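> Assemble chain Z onto chain A, guided by the hints.
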Amino acid sequence: MISSLAWKSLRHRRLTAALTVASIALAMLLLLGVERMRTESRTSFAATISGTDLIVGARSSPVHLLLSCVFHIGNATNNIRRDTARALNERPDVAWTIPIALGDTHRGYRVIGTTAAYFEHFRYATGRSLEFEAGKPFAAGAEAVLGAEVARRLRYQTGSTVVIAHGAGDISFFQHDDRPLHVVGILGRTGTPVDRGVFVPLEALDAVHAAANAQAESDPLAAALKQRDGTSSGSLTAVMLGLKTRSNALAVQRSIGEYPGEPLTAILPGVTLQEVWEITGVVERTLFAVSTMVVVVGLAGMLVALLTSLSERRREMAILRSVGARPAHIAGLILGEATLLTAAGIALGVVALYAGLLLARGWLAAHFGLFLAVAWPSAHEFALMALVAAAGFLIGLLPAWRIYRMSVADGMTVRI
Amino acid sequence: MNSPTPLRSNDAVAALRDVVFAWQAGSPPVLRVRQFDVAPRERVFLRGPSGSGKSTLLNLLAGVAVPQQGAVSILGTDLTKLSGAARDRFRADHVGFVFQLFNLIPYLTVVENVTLPCLFSERRRARAVATSGSADREALRLLEHLDLADPVLLARTATDLSVGQQQRVAVARALIGAPELVIADEATSALDADRRAAFLELLFRECAATGSAVVFVSHDASAAHQFDRSIELREINRP
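Order-wise, the sequence lines are chains A and Z.
Anchor point for the first sequence: position 227 equals 226 in numbering that gives the first Met the number 0, and the numbering is continuous, going up by one each time.
Anchor point for the second sequence: position 31 equals 30 in numbering that gives the first Met the number 0, and the numbering is continuous, going up by one each time.
Treat each hint with caution, since some may be false.
If the Cβ cut is set under 8 Å, some of the chain Z residues that face chain A in the computed set are [to be verified]:
id	residue
1	Ala84
2	Ala85
3	Phe96
4	Tyr106
5	Leu115
6	Ser120
7	Arg122
8	Ala220
For the record, the hints were derived by calculation from the structure and aren't laboratory data.
Predicted model, so just to flag it, every value in this text is computed and none were measured.
Virtual Cβ for every residue (Gly too), placed ideally from N, Cα, C.
Extracted from the complex, chain A is given alone in its bound form (with noise of 0.2 Å):
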């Protein structure tokens, strides 16, 4: 009986209400969201490699060398040459190894360059290897394969054809439009950037290649593109290595560092991996320090509602007590109110945040290689929600108590 007056009274003042619900939910929107933001982007790319112990780059920084190299996110700004790799991949210590090239686009997917070392030993999630949707891996000369995602956009199956432009932007000033490759696998969907990678051989990319520095000789556009970025024929972004014993990984990267060939990075992708998270670390913190404030002020302006209309409700108090409620039903009401608005704040909040994340879902795998998962909110998330919805309890019992006293102390008497 008390709940029904409770919800005729919000529906009353449904502005006020509305705008505190808007408030609690986009307060509460902003802390899921920035918390589901951490933690899938931890799980998205602590999923993306696995199984892969060193990876070996131009001198660089390693948390640029593990993102241009695994999650395809800005260019790495030196090569290593043909050989090194080579070299890494006759060590004695080393299992396998599967060389890199990046630089080249397909309507705005990267081009990885490789061999059909990647189809065999590349790993990711726990350990899982790369399946094949449709065809096969390439074997050498003018064939691709395709990630699930590229095929699924651009409507490609095998036996299409797919010509390589060179250099990483989206729209890019020069097709080798002479050397089309045949497309004769489709890899299974994975979740990662891999998704969106098209995969050729070196050998390929290397004639691309050879007809483009043909074409720069007469045209400096192109020339000059070609030194900003791109590969060029012989040269390797980095490569990824398999240690037949694990424990030795430290060893071996610490050997490689000092290579005499040429100045090496050799990384530790889980290590590496744990930097980009000390750098992101605080700006996550900030965010969500950010995002709590944002709560309390979300609660605040509830807070504020309700005792604005506590000298309203001082009258109706006075005709409630006179028809026998007692003060514990009328701080009930109010109580119930500030429930009953955190509750309704908290279920719009985390519908919008599911909402968000199907819509962001697209262009957060495009743009950042992040892959959301849309799973039912983490024990994390349950807690979150629940401190927010006893924060607006307590919140409730501040204006609850005061209108108990007044009632208590006004009695039946209607004070205006």
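Just chain Z, lined up with the frame of chain A:
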């Protein structure tokens, strides 16, 4: 000075005996009443200027406030012996109120305002149902008696009614479920003189129909002659 009449159960609807009330223990009392009785179906006019302890007396009769000394007996039940919750329940069951202004809850419809006591009192709900079949139908019946049956009027929110209409809705609420005592606090002060007499007639007619006694409190004695008995608060309150 003769000693007050002893209390007999069901003799009076309301009876105060040797009541002393102060806002705080130790502070001078604002109310000291040796004896005040209201007989069943009696219509009592209680006159007192503001600050004469009127509100205090009403709060005592309602069981919202409890005297430091003495007994406040409603229908033979001494309110001072009941817990706060029991007093609130007792009030819901047996007492109807009409205030001077702001009688209606703005977010409830006219009918919801009238049936409000039935939310808090099972006894009054049962009585309303016994008379008309349901609380809502009893509310409509009472509203019709008070010339408020117009469906256009009922569809309006309570606050869109005129002051006179609001007062009549308040009477319907006070009377639903036939409480034994109706207390009206300056209930006609917001009405003009012509309306005042008509309002009192309606109030008396409906109270007679439900068998309720009326205690009507006002600072303005002009309506006193319409009542069975008129008392100056000064005469009974000697703090």
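> Taking the hints in turn, state whether each one holds.
Hints and how they fare:
1. Ala84: Given a least distance of 6 Å, the restraint on Z:Ala84 holds.
2. Ala85: Violated, because the Cβ-Cβ distance from Z:Ala85 to chain A comes to roughly 10 Å (cut-off 8 Å).
3. Phe96: Interface hint status for Z:Phe96: holds (4 Å vs cutoff 8 Å).
4. Tyr106: holds (3 Å)
5. Leu115: holds (5 Å)
6. Ser120: holds (6 Å)
7. Arg122: violated (10 Å)
8. Ala220: violated (22 Å)
When held up to the earlier numbered hints, the structure conflicts with 2, 7 and 8 and fits the remainder.
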